[in-house]
Amino acid sequence: MQEYLDMIVSLLPGLWLSILMATVSILIGIPLGFVAGLILNGSNKALRWLTIALVEIFRGFPALLTLYLVYFGLAEIITLDRFAAVVAAFGVTTAAYTAEIFRASIASVPRGQVEAAQALALTKKQITSRVVLPHVLNIAVPPVIGIAIITFQGTALAYAIGAKELLGSAYSIGMINFRVLEPLLVAALLYLLFTSLLAWMEILADRRVARISGTSFDGGAGAARRRQRRQRKTGFDASVLNTPASKITQ
Amino acid sequence: MTTTPEGTLALSAQQIRKSFGGKEILHGISVDVKKGEHIAIIGPSGSGKSTFIRCLNLLETPDHGTIDLHGERVFDAVEKTPAKSVRALRKRVGMVFQSFNLFATHTALENVSLAQRLVLERSKTDAVDRSEELLERVGLKKHMHKHPSQLSGGQQQRVAIARSLALDPEVILFDEPTSAIDPEMRVEVLRVMKELAEGGMTMMTVTHEIEFAKEAADRAMFLADGELLEIGPAAEILTDPSNERIRRFVNALSGVI
Amino acid sequence: MLEASYVLEGLWITLQMWGGAFLLSVVLAIPVAMLRGSKNPLAKFIGALWAWIARGIPPIAWLIIIYFGLSLGIISEVPVLAAMVGLGIVNSAYIGDSIRSGLESVSNGQWEGAASVALTKKDALFRVVLPQAIPVMLASTAAYSITLLKNTAIASIIGANEMVFYAYNAVQVGADPITAFLTIGIVYLLLTVPVGMFARWLGSRAKRGSERVVY
Ligand SMILES: Nc1ncnc2c1ncn2[C@@H]1O[C@H](COP(=O)(O)OP(=O)(O)OP(=O)(O)O)[C@@H](O)[C@H]1O
Ligand SMILES: [Mg+2]
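Protein chains in written order, with the numbering used here: chain Y, 1 to 250; chain H, 1 to 257; chain V, 1 to 215.
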């Protein structure tokens with residue numbers, strides 16, 4: 001037992017690094033994704049096509065490939081330490097994933113609400129910041145948490161460029177002690193716990209959206225699921241450990 | 001704004017024309033609304049009632065025509081109206097929509113306060129005080145911290161009316177305010193509107209509620225195919241229409257075969 | 001220099017892993033969906049536990065555990081096999097979701113309608129519900145399979161000789177990293193973009209289908 005506790009303690013710096021990498025990547029990715037979402041809803045055609053291309057590229061590239069591209073590719077041009085490479089690579093990946101969420105959230109602001117704001121003599125800027133933005137933030141939070149889960153798990157790929165994040169430090173501890181499996185399993189458990197924490201936040205956020213706007217991003221699939229849970233007639237109802245992270249397809 | 005002598009026009013729209021994609025929907029409609037007057041706008045679906053009323057607060061920009069508020073020219077289609085003037089007009093002309101269009105992420109109180117804070121630049125306490133007063137007036141003070149999704153259609157529409165009143169407009173436009181509401185909930189909205197009209201508010205209401213129009217409107221205007229077919233005292237036009245087309249329409253709405 | 005023959009060889013391995021992991025995930029997902037849909041709380045719990053663990057651990061961690069940590073005979077010795085198993089496990093949770101949400105997309109009224117004309121539960125499932133649910137399942141399965149394809153890149157870390165592996169090695173011996181990795185990236189786009197379009201097309205078709213059924 002003591003042995004496992006020691007193992008957890010020795011993995012904590014790695015876990016901390018993973019969390020840090022994920023947080024910074026998300027903090028880079030969300031604003032970029034939001035701007036991309038604005039552009040995708042905008043009227044500037046050239047900018048829109050450029051954004052579509054970038055989003056398709058970084059969604060289509062495996063995250064590992066993007067990481068290599070940044071870490072080895074940019075190293076030719078600028079000096080980049082591991083951490084910077086990781087957050088740059090996963091920052092753009094997160095941006096590409098969230099762009100579509102923000103695009104859809106912005107597009108989903110009912111026209112009538114913008115018209116009502118216009119009829120109340122609000123300026124364009126006021127309408128954006130006081131009517132559109134709250135709506136978008138409200139509705140986009142649950143799926144963005146879903147992306148955050150992907151980003152958090154994705155930081156494990158930093159192991160491939162020798163970063164001592166959670167997976168990397170579990171592997172080295174195993175190598176030092178000639179017992180590979182245990183530290184890996186402990187690391188896996190830590191990933192599992194953290195992922196579950198985020199998934200739980202996603203569920204709470206989803207409920208909040210449903211409460212406030214009466215609908216949610218996935219067109220009420222969450223509500224449908226809850227309804228289904230109540231209707232056990234079919235024999236195929238939703239289960240207890242429901243992870244809406246599954247809603248994010250790619 | 002100059003003070004208006006009694007009996008002058010609150011709103012005067014002249015020769016309003018509007019096309020969508022090359023097709024003219026409004027063929028030059030004019031109306032003069034006296035201060036404190038309530039005009040009902042009646043007409044079949046697609047006749048251009050919504051388009052007309054939306055032209056009056058520039059949610060649609062008329063292709064032709066002018067709009068005066070209390071004798072002051074606020075819109076003329078021959079000149080480009082700067083965004084600032086558009087907002088100045090909208091501040092003076094309120095709008096209530098068929099689908100309420102309350103801000104979904106804001107509570108009832110916030111819906112009513114928002115424009116007071118941003119447009120009138122009222123302090124928070126002043127805006128809240130005024131909002132509570134208005135919500136009290138439409139009978140919803142106890143629901144003021146609820147989000148629109150927690151309110152019934154009738155309640156949402158009354159919040160929307162309070163929201164519109166919050167800017168102290170000179171005219172309020174209503175576009176089928178009760179069409180999206182369950183029949184038994186309509187009466188509370190109609191009652192608020194009737195009180196407003198009796199209180200001297202200048203109003204224009206697109207409606208299919210003939211009984212309400214007869215009772216609460218001073219005049220009725222009948223639109224058909226983008227033309228003003230007739231305008232006159234509401235009770236007269238709607239009780240015993242001399243125009244055959246209007247008679248058929250009114251009878252159909254009243255369920256008379 | 002990353003040679004074209006290596007890219008093609010890597011592509012072949014990538015496709016093999018994609019297909020193998022996909023088949024494995026479907027094979028695993030069906031019992032998982034049945035467990036999760038069961039009325040027995042224990043079965044339900046096991047199904048949910050499987051999905052939770054499969055999804056809650058990063059794919060790369062799965063591969064490392066299977067390849068370096070466990071000794072599962074040949075699976076733990078051949079990187080391509082280890083990757084197929086690891087990615088198959090992860091994907092099974094998603095495919096399980098596809099199956100469930102496909103079934104849930106069919107309204108309860110369909111079951112009741114089938115019961116009202118005295119169909120057995122089995123007939124109701126195979127004759128009424130599944131034909132409506134399968135288009136929905138296919139759409140989300142296609143979307144998940146893009147993630148699966150991209151995840152095969154991870155196998156290079158444990159030494160599976162797929163595309164990224166060859167690019168990485170070429171870079172280690174002096175190839176230009178930007179050219180090498182971009183080349184592989186383009187190959188991925190050539191695969192993911194069409195599959196994405198196909199998934200969206202399936203999705204819009206499934207939606208139309210279900211609307212026709214509901215009204
Ligand atoms: N933004 C638009 N673009 C194109 N056509 C429009 C637009 N808005 C309205 N129209 C057309 O203008 C005509 C009049 O529409 P309008 O909504 O004003 O009618 P209405 O009298 O309010 O009808 P209803 O009773 O159904 O509300 C219709 O034929 C409609 O299709
Ligand atoms: Mg209308």
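Calculated from the structure, these hints are not laboratory results.
Being a predicted model, the structure only gives us computed values, none of them experimental.
Careful, some of the hints might be misleading.
Heads up, incomplete: computed chain V residues facing chain Y, CB under 10 Å, no partners named [what the hints assert, rightly or not]:
| # | residue |
| --- | --- |
| 1 | I134 |
| 2 | S156 |
| 3 | L189 |
Glycine included, C-beta positions come from ideal geometry on N, C-alpha and C.
* Restraint check, 10 Å cut-off on beta carbons, for I134 of chain V near chain Y -> Result: violated, 14 Å to nearest chain Y Cβ.
* Would you settle whether the hint for L189 of chain V is holds or violated, based on the nearest Cβ-Cβ distance to chain Y being less than 10 Å? => Status holds, d = 4 Å.
* Asked: Does S156 of chain V pass the interface hint, meaning its C-beta sits closer than 10 Å to a C-beta of chain Y?
  -> Because about 7 Å separates S156 of chain V from the closest Cβ in chain Y, which is inside the 10 Å limit, the hint holds.
The structure is inconsistent with hint 1 alone, although it conforms to all the rest.
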